[in-house]
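Fit chain D to the given chain B structure using the hints.
Here the protein sequences line up with chains B and D, keeping their order. Quick note on this note's numbering: the first sequence kicks off at 107 and runs consecutively. Quick note on this note's numbering: the second sequence kicks off at 2 and runs consecutively.
Hints are computed from structural coordinates only; laboratory data are not their basis.
Simulated pairs of lysine-lysine, DSSO-like, Cα-Cα distance not exceeding 30 Å:
1. Lys117(B) with Lys43(D)
2. Lys69(D) with Lys99(D)
3. Lys184(B) with Lys43(D)
4. Lys43(D) with Lys121(B)
5. Lys184(B) with Lys117(B)
6. Lys184(B) with Lys99(D)
7. Lys184(B) with Lys123(B)
8. Lys121(B) with Lys184(B)
9. Lys123(B) with Lys43(D)
10. Lys99(D) with Lys43(D)
Quick list of the computed label-pair ranges, beta carbon to beta carbon:
11. Pro112(D) with Ala108(B): 29 to 37 Å
12. Arg73(D) with Gln147(B): 16 to 24 Å
13. Tyr124(B) with Ser13(D): 41 to 49 Å
Every value quoted in this text rests on a predicted model; they were computed, and no experiment measured them. Quick reminder that beta carbons are idealized off the backbone N, C-alpha and C, glycines included.
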Amino acid sequence: GAGVSQTPSNKVTEKGKYVELRCDPISGHTALYWYRQSLGQGPEFLIYFQGTGAADDSGLPNDRFFAVRPEGSVSTLKIQRTERGDSAMYLCASSDPGAGANVLTFGAGSRLTVL
Amino acid sequence: KQEVTQIPAALSVPEGENLVLNCSFTDSAIYNLQWFRQDPGKGLTSLLLIQSSQREQTSGRLNASLDKSSGRSTLYIAASQPGDSATYLCLSAGNNRKLIWGLGTSLAVNP
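Looking at chain B on its own, in the form it has when it is part of the complex:
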């Protein structure tokens, strides 16, 4: 696609529920990043994919968070047993490292609210 697409744009859920957030990167971009951002804060790194594999998942806060990218394009961020502290904007970005490295294009984000 022309840009990075994230769905849903807004998700409201109850504490304890399971949530999936989807990111569809720019076609051909092999690198994909997930960040989350709380109000008034900068983006917090979660995980970075190069192709299908998670090259760096050191930012995932705990084992309730998991992300996959099975075919090297679309990625899904999965959050189990959601907590109120998980409420944030979840941002996805993609880049084409071969074209000049780390030039990120962001999606519009998925705002998660855990009640």
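Just chain D now, kept in the frame of chain B:
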């Protein structure tokens, strides 16, 4: 620990002023630096990217400079408008693909 610092954290100016936002970084091996704009509750929009071999980039009323020796980048906004009100973030990319964000400068341009 490598860091990116943005000063000031918040800025309020009258419409029409020229202004400068600052970004300082500690990674001397920076690969590139990217400036983003973020409107409240929205995602990030890339404004300008400066590669480590470049000194500056310009887009419309925006000009970004990079000085690796001093570890500084500035975003210059000419003739500011109320529509420029947003948070401006800088992102440094290191040679090891390490990405480090500043916390942003919140800009308010008053009519």
